[in-house]
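K.L.:
Assembling the complex is the task here: the two chains are given apart, and the hints tell you how they should meet.
Going down the list, the protein sequences come from chains A and B.
Counting from 67, one number per residue, gives the positions in the first sequence under our numbering.
Counting from 8, one number per residue, gives the positions in the second sequence under our numbering.
No lab work stands behind these hints, which were simulated from the structure alone.
Only a predicted model underlies this, so the values are computations on that prediction, with no experimental measurement involved.
Positions of the beta carbon are idealized from the N, C-alpha and C atoms, including for glycine.
Reference excerpt, derived from the structure (chain B facing chain A, CB under 8 Å, subset only):
id, residue
1, K53
2, D55
3, E56
4, L57
5, E143
6, Y146
7, L147
8, S150
Listed next, the in silico BS3-like pairs over lysine-lysine satisfying Cα-Cα at most 25 Å (straight line):
id, chain 1, residue 1, chain 2, residue 2
9, B, K148, A, K69
10, A, K71, B, K148
11, A, K69, B, K145
12, B, K142, A, K73
13, B, K53, A, K82
14, A, K78, A, K110
15, A, K69, B, K142
16, A, K82, B, K145
17, B, K144, A, K69
For reference, the chains in residue letters:
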Amino acid sequence: MIKTKMKEYRAKYSLKQEELAELVGVRRETISSLENGRYNPSLKLAMDIAQIFHTTVEEIFKFED
Amino acid sequence: MKHLKHNPISYFGWLGFIGVIGIYYVSPVLTVFLLFFFCFSYSNMKSDELFWTNVRQAGFRAFVVNIVANIIAIMYLFVRATFIYKFDTVQSNANVYLLSEQEYVQYLMCCSFFVIITIITLCTFFFTLMYFSHKEKKYLKESE
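One chain only, chain B, in its complex shape (with noise of 0.2 Å):
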């Protein structure tokens, strides 16, 4: 990997205005995104070998974490949509799909899960690389 001027996990901090307009709207969601202003800490950092191991050892567990909560999230709607409330086809009448609460309650449920798999991947990389910077950081003043 070619050492770069400026890190490339330090462009992620931009992303963290997003979390400053979920503050002005009032939505949690949104406000997530603030957690990105921490990756403006990495623009110092030398990107050179020991860091892009470390950036793919990150990614490997967040990409676990991932594939185990989408499992997860789809097995439990599965089993809720068909064994706990055995759904039926959703009813449409004049352009309105007619949706009983539970149905209603499962596409809330689908569309949370998406957003909260989405904000644990991105919490365990960026806590994965910030722990790797702790043990060399840690290790370096061991040395010293």
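In isolation and in its complexed conformation, chain A is listed as follows (with noise of 0.2 Å):
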């Protein structure tokens, strides 16, 4: 299971989800279902993320048992 502080990086950066899809080239509904562990990510895209927040791949998506 993995979790996320998407949420919390797209307030700081005062992204909308739409507009965070639009970044990364995914749909909205994609962005939602990784805020609510319900998608687990590609590699390339949790790195596109991670790049939009200027952080890293684990500072955005934790695994948890």
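P.N.:
So this is what it looks like as structure tokens:
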């Protein structure tokens, strides 16, 4: 199970889900599914999101058993 | 998976015109192709990685349904031919095959099962995909 801090980072950068989705090239539904832990991103998508928020993948996505 | 300009699933929508031919010729089998018109609704949907994950899951479910339905059909036809009616080899006379009524029904059933299983497989795929889309939209509304 992957937990994310995407909501916090979106709030920090004042980004809506649609805007973030547009920046990384996915649908808004994908961002919503990521934030609610219903979908685990591919490595490329995780890295793209980390790049948008100027941080590392490990900082945004945490794996929990 | 690359992001494509047009969602590839939407191209299946053109198969819906085969259903229009079915209406013209009053063919119930071809009319089922009208279901493919649903695929045009995917033309505006971006084909991102979550979409392809859903397509893979829907495809796998349709594959399993197809396998199970085919096994049931094959076993039914085998039992019918071997144990119930005990068909012998088909005889021919001057390029004409001589079939009993039940043998003819058996061949009709083979054709029918092929069509029915294809329809069931396609319906499983598209309805599963629609279910995933519906779930995504539902969770989107809940998170707003």
